[in-house]
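Chemist: In case you want the letters, here they are:
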Amino acid sequence: MPTTTTDTSAASSAAAATATIVLVGHGMVGQRFLEALAERGLTATHRVVVLCEEPRPAYDRVHLTSYFSGTTPDELSMTDLEFIEEHGIELRLGDPAESIDRAARTVTARSGLTVPYDTLVLATGSYPFVPPVPGKDADGCFVYRTIEDLLAIEEWAKARATTGAVVGGGLLGLEAAGALKGLGLDAHIVEFAPRLMPVQVDDGGGAALLRTIEEMGLTVHTGTGTQEVLTGEDGAVTGMKLSDGSELAVDMVVFSAGVRPRDQLARDCGLEVGERGGIAVDASCRTVSDDRVFAIGECALAVDGRVYGLVAPGYEMAQTAAAAIASEAAEFTGADLSTKLKLLGVDVASFGDAHGTADGCLDVVYSDSRAGLYKKLVIGRDGTLLGGILVGDAEAYGTLRALTGSVPPVSPESLVLPAGAAGGGAQLGPSALPDEAIVCSCHNVTKGAIRGAVTDHRCVTVPEVKKCTKAGTGCGSCVKVLGQLVEAELEASGVEVDKGLCGCFGQTREELYEIVLALRVTSYRELLDRHGRDGARGGDGCEICKPAVANMLATLAPAIGADTHVLDGEQSALQDTNDHFLANLQKNGSYSVVPRIPGGEIAPEKLIVIGEIARDFGLYTKITGGQRIDMFGARVEQLPRIWARLVDAGFESGHAYGKSLRTVKSCVGSTWCRYGVQDSVRMAIDLELRYRGLRSPHKLKSAVSGCARECAEAQSKDFGVIATANGWNLYVGGNGGATPRHADLLAQDLSDAELVRLIDRFLMFYIRTADRLERTSVWLDRIPGGLDHVRDVVVHDSLGICDDLERLMAAHVAHYRDEWAAVLEDPEKLERFVSFVNAPETPDPMVAFVPERGQIKPDLPLLQIGIREMEGTASR
Amino acid sequence: MTMTTTAVATTTAVATTAVAASAPLRTVVQLRAGEDWLTVCDLDRLVPGRGVAALLPDGRQAAVFLDRAGRLHAVDNRDPFTGAAVLSRGLLGSDGGRPFVASPLLKQRFDLASGRCLDDETARVATFEVRAA
Ligand code: SRM
Ligand SMILES: Cc1cc2nc3c(=O)[nH]c(=O)nc-3n(C[C@H](O)[C@H](O)[C@H](O)COP(=O)(O)OP(=O)(O)OC[C@H]3O[C@@H](n4cnc5c(N)ncnc54)[C@H](O)[C@@H]3O)c2cc1C
Ligand code: SF4
Ligand code: FES
Chain W
1 MPTTTTDTSA ASSAAAATAT IVLVGHGMVG QRFLEALAER GLTATHRVVV LCEEPRPAYD
61 RVHLTSYFSG TTPDELSMTD LEFIEEHGIE LRLGDPAESI DRAARTVTAR SGLTVPYDTL
121 VLATGSYPFV PPVPGKDADG CFVYRTIEDL LAIEEWAKAR ATTGAVVGGG LLGLEAAGAL
181 KGLGLDAHIV EFAPRLMPVQ VDDGGGAALL RTIEEMGLTV HTGTGTQEVL TGEDGAVTGM
241 KLSDGSELAV DMVVFSAGVR PRDQLARDCG LEVGERGGIA VDASCRTVSD DRVFAIGECA
301 LAVDGRVYGL VAPGYEMAQT AAAAIASEAA EFTGADLSTK LKLLGVDVAS FGDAHGTADG
361 CLDVVYSDSR AGLYKKLVIG RDGTLLGGIL VGDAEAYGTL RALTGSVPPV SPESLVLPAG
421 AAGGGAQLGP SALPDEAIVC SCHNVTKGAI RGAVTDHRCV TVPEVKKCTK AGTGCGSCVK
481 VLGQLVEAEL EASGVEVDKG LCGCFGQTRE ELYEIVLALR VTSYRELLDR HGRDGARGGD
541 GCEICKPAVA NMLATLAPAI GADTHVLDGE QSALQDTNDH FLANLQKNGS YSVVPRIPGG
601 EIAPEKLIVI GEIARDFGLY TKITGGQRID MFGARVEQLP RIWARLVDAG FESGHAYGKS
661 LRTVKSCVGS TWCRYGVQDS VRMAIDLELR YRGLRSPHKL KSAVSGCARE CAEAQSKDFG
721 VIATANGWNL YVGGNGGATP RHADLLAQDL SDAELVRLID RFLMFYIRTA DRLERTSVWL
781 DRIPGGLDHV RDVVVHDSLG ICDDLERLMA AHVAHYRDEW AAVLEDPEKL ERFVSFVNAP
841 ETPDPMVAFV PERGQIKPDL PLLQIGIREM EGTASR
Chain R
1 MTMTTTAVAT TTAVATTAVA ASAPLRTVVQ LRAGEDWLTV CDLDRLVPGR GVAALLPDGR
61 QAAVFLDRAG RLHAVDNRDP FTGAAVLSRG LLGSDGGRPF VASPLLKQRF DLASGRCLDD
121 ETARVATFEV RAA
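These protein sequences, in sequence, are chains W and R.
Position one of the first sequence corresponds to residue 1 (this note's numbering), numbered consecutively onward.
Position one of the second sequence corresponds to residue 1 (this note's numbering), numbered consecutively onward.
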């Protein structure tokens with residue numbers, strides 16, 4: 001087994017003299033422990049050896065399931081190898097500890113290496129508990145804990161399974177079931193307890209959850225045990241026998257019936273373990289049996305008698321142990337079991353004393369099982385908020401969790417009733433929180449610390465605050481509140497956070513879009529005069545808001561009843577120069593012309609026409625990066641004549657100028673390519689024709705590849721499509737350009753119709769909510785909730801707006817007309833295509849060309865005549 | 001580094017004239033060319049907020065704009081940053097009530113009354129007298 005050993009010579013030569021810390025287990029908590037050591041300078045004064053069982057360094061187990069939505073193992077990694085190297089940490093991958101000799105103070109690893117230690121830290125985590133039923137080891141039985149488990153599940157599901165069962169309806173079981181469903185399987189959940197998520201939620205919450213999960217097409221068997229896994233002749237799973245005597249035919253089983261601490265190593269060397277497992281430690285996380293040995297994370301039995309199966313308490317233990325090694329005072333005496341999860345798209349949160357175990361406490365409950373909503377707050381006798389459970393809508397989780405332990409400033413009833421209900425929907429913003437309130441429970445960061453990051457450390461953005469305080473870098477559930485706090489603090493400290501579009505409008509682009517759509521505003525002037533900033537009303541607007549508003553008017557024209565051509569009426573005065581001339585302005589004042597070539601497919605006859613036109617007008621031609629042909633060097637007055645010839649030959653505008661759909665590139669696909677599994681050319685053409693002319697906050701690019709070899713580079717596009725054996729995978733948010741971004745997988749194995757419907761929704765949601773000139777990549781990273789939120793909205797219709805989004809797109813598609821052809825039919829518009837209003841036949845003398853490589857190029861020296869000392873300024 | 005204007009301006013008088021509300025039947029736009037007024041087009045060829053280019057007898061080019069309040073403005077059509085004759089194709093805006101045009105090439109803004117570049121004080125374009133008649 002290969003091992004990566006970052007064995008700096010300094011560290012090993014000093015090893016004899018330096019005290020050695022050995023860490024067993026490089027999981028989430030182990031990695032946090034290493035960081036805590038480094039923060040205290042202990043990596044400089046100690047030799048640090050890490051024995052790691054898994055073949056890869058620590059990764060984010062909490063987000064393991066996101067592997068199935070396209071997150072790669074690399075992206076899950078939590079280990080920065082530079083950090084390991086910089087601190088001289090000896091990390092031994094795939095080399096687990098096999099025995100500990102406490103008398104000799106050595107650990108022996110599987111490779112035979114024996115390391116002496118001064119301090120030993122056990123962070124071995126847990127193992128999935130598999131109930132001892134017959135057949136549990138059959139082929140097709142899995143657990144759900146490591147990346148390797150997921151790879152195996154995926155392989156089996158794809159090759160051999162159509163139906164799967166998950167044993168256990170707890171947190172992990174639901175995640176596993178969601179993963180099976182995502183892999184295209186009919187998924188069953190078998191839970192022994194009478195409700196789902198028995199640990200986190202009560203009966204009411206369980207009922208709301210059950211309803212929503214069943215609606216998603218999963219089959220739930222609660223109050224049912226698993227008696228046997230049935231196998232076929234080849235030894236592989238064929239079904240399950242349940243406690244009610246029935247049989248369930250399934251091709252695979254995932255056990256997710258809880259976890260048990262991995263304490264065998266500790267037992268073997270005589271360390272005390274709890275009755276139900278877990279290495280017993282004291283408040284400083286030192287084992288009760290040996291003060292040179294610590295245990296942290298899921299393998300530890302904390303001083304309060306509990307084994308914590310969550311990452312936040314583990315992190316706290318990591319901090320505590322590192323502090324104890326540095327002889328600082330620190331204690332871990334127990335932790336809050338608050339969790340917020342997004343399971344199968346359903347928000348589930350529980351915090352504090354969720355089950356109301358305190359004396360004399362009261363429940364305040366709101367429940368609407370039809371809507372899958374359940375909210376319960378547990379209130380103490382004195383009105384203190386003690387805890388709660390939220391199912392279906394956990395918006396308020398961050399604030400409520402942080403308020404736990406104090407008396408909320410408004411009545412508890414108003415906190416659970418939905419907005420709009422009489423007396424309900426109180427918006428308890430983070431401003432209501434006291435400074436001591438813990439906002440990020442993963443890293444124990446208080447509201448006061450976050451405010452301090454803004455006021456004292458001058459952080460002005462959420463990423464800066466994350467870096468400064470670590471808040472928000474764990475489970476991520478506090479990021480929303482974090483954003484609100486940062487904004488409030490910036491405002492309070494007088495930093496102007498003007499989110500307005502420009503000097504003329506105080507609204508964001510998204511807000512203006514909503515105004516235009518809701519009030520059916522069809523004129524820029526009306527928008528400016530009614531909704532502009534005080535000083536801007538009645539004025540001429542500016543070069544920022546005019547094209548931005550023109551753009552949304554163009555998108556919404558059919559829906560709000562505005563003129564549909566970008567050069568109609570007032571709209572013509574708002575367009576950037578490229579849209580105004582329906583061509584791209586070049587450096588010498590000439591234009592380039594790009595006809596649409598959908599999917600990059602073009603018949604020889606049409607190629608010849610382009611060649612003839614370029615030859616007749618003396619244009620420079622080039623194949624673009626977008627699989628089409630650009631003709632450069634046209635003067636304004638030539639544009640309509642060039643278009644006339646193109647339109648005649650069946651071409652239309654390629655919108656190379658607008659903030660709109662550019663191209664949908666394609667690979668050759670299954671028609672010709674020996675690997676292709678779908679007809680990518682046809683799909684690219686269909687998509688390009690559907691979305692052509694669609695104006696959007698920034699340009700939109702797309703591509704369709706015929707198989708996973710990805711010759712069309714779909715993953716670098718705003719929306720990219722890759723063929724699978726079962727249909728299409730849709731990727732979103734890709735970008736080339738200066739800040740490339742790989743697209744994220746939005747949905748898998750879609751039929752043609754599903755694909756188009758999702759793209760309709762995705763694009764319209766982007767158009768509705770993005771900022772001006774914000775590509776989908778930047779937008780996806782900016783909007784709260786990111787990809788998950790977008791998926792909720794466009795796949796699960798969590799905002800209930802998908803009908804509207806689809807209707808808007810349908811209106812666009814129905815009203816599309818070629819912009820060039822429309823100009824050719826309108827003498828008034830044609831009149832504008834002249835170099836000089838007083839000399840329509842005279843060409844602009846500044847537009848002149850010189851030969852190069854058999855074609856033309858702009859005569860640049862001509863442009864300099866009369867302009868002295870041009871150099872250096874032109875590029876500003 | 002200094003920046004000089006494209007061409008020597010014959011006049012730098014503020015080039016704005018209000019258009020009378022009750023204009024005669026066919027109003028034309030005129031530019032001052034030396035002693036004379038040169039008619040460039042009918043007023044209704046101009047879209048408020050947008051420009052047109054006019055060729056002057058001496059070969060220079062003027063960019064003529066109509067703003068929302070109905071005032072006319074004219075500046076040299078050449079963009080001093082690139083040398084291309086394109087300012088007439090820029091977008092009109094106003095900043096504190098003062099109209100400007102943003103170059104369509106590299107987006108610098110020029111005050112239409114003074115010709116001064118708002119983004120680079122060393123740059124300036126000539127202005128022309130213009131009227132509606
Ligand atoms: C013509 C073309 C270069 C070529 O000869 O191949 C081109 C030319 C221009 N690109 Fe591009 N880009 C062209 C393909 C690309 C590609 C490749 C692709 O689409 O596969 C990219 C990277 C992919 C991407 O966009 O993610 C690309 C990334 C950019 C960017 C950076 C965008 C970004 O998000 O970072 C800009 C600047 C911008 O839009 O703000 C840009 C801007 C421009 C502008 C509009 C710059 C300008 O304002 O003058 C160029 C004018 C086009 C013209 O005059 O016709 N061009 N540009 C390509 C036209 C493709 C087409 O058929 O429509
Ligand atoms: C799918 C899934 C979803 C989860 N979701 C959440 C969530 O939303 N919120 C939350 O708080 N928690 C969640 N958890 C739990 C969370 O992942 C754990 O609490 C956390 O990983 C515990 O960290 P740890 O370092 O103690 O254990 P682990 O991360 O399990 O790390 C222990 C490591 O030690 C290694 N090891 C064991 N024995 C040896 C040995 N003898 N020698 C060397 N190495 C050894 C193991 O291979 C492992 O790599 C989730 C867990 C899973 C599996
Ligand atoms: S992506 Fe696949 S189908 Fe398309 S050309 Fe490449 S190998 Fe062939
Ligand atoms: S609460 Fe988990 S990251 Fe903040």
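It is worth saying that the hints were derived from the structure and are not from the lab.
Ideal Cβ placement from N, Cα and C applies to all residues, glycine included.
Warning: the hint list may mix true and false statements.
Cut-off 20 Å, straight-line C-alpha distance, at most; resulting in silico cross-link-like pairs (DMTMM-like, lysine to aspartate or glutamate) [as the list claims (entries may be wrong)]: (1) 587/W - 774/W; (2) 107/R - 774/W; (3) 587/W - 44/R; (4) 829/W - 95/R; (5) 499/W - 42/R.
Label-pair restraints from in silico Cβ distances [said to hold, decoys possible]: (6) 70/R - 410/W: 52 to 60 Å; (7) 500/W - 70/R: 23 to 31 Å; (8) 98/R - 839/W: 28 to 36 Å; (9) 98/R - 368/W: 21 to 29 Å; (10) 752/W - 98/R: 51 to 59 Å; (11) 98/R - 622/W: 40 to 48 Å.
Facing chain R, a subset of chain W residues (Cβ under 8 Å, in silico) [said to hold, decoys possible]: (12) 539; (13) 542; (14) 576; (15) 577; (16) 580; (17) 749; (18) 750; (19) 848; (20) 850.
Chemist: It remains to establish, for every hint, whether it holds in the given structure.
Modeler: Outcome of the hint check:
no. : hint                     : verdict
1   : 587/W - 774/W            : violated, 25 Å
2   : 107/R - 774/W            : holds, 18 Å
3   : 587/W - 44/R             : violated, 30 Å
4   : 829/W - 95/R             : violated, 29 Å
5   : 499/W - 42/R             : violated, 42 Å
6   : 70/R - 410/W: 52 to 60 Å : holds, 55 Å
7   : 500/W - 70/R: 23 to 31 Å : holds, 28 Å
8   : 98/R - 839/W: 28 to 36 Å : holds, 31 Å
9   : 98/R - 368/W: 21 to 29 Å : violated, 57 Å
10  : 752/W - 98/R: 51 to 59 Å : holds, 55 Å
11  : 98/R - 622/W: 40 to 48 Å : holds, 41 Å
12  : 539                      : holds, 4 Å
13  : 542                      : holds, 4 Å
14  : 576                      : holds, 7 Å
15  : 577                      : holds, 4 Å
16  : 580                      : holds, 7 Å
17  : 749                      : violated, 45 Å
18  : 750                      : violated, 41 Å
19  : 848                      : violated, 11 Å
20  : 850                      : violated, 15 Å
Comparing the model with each earlier hint shows violations of hints 1, 3, 4, 5, 9, 17, 18, 19, 20; every other hint is respected.
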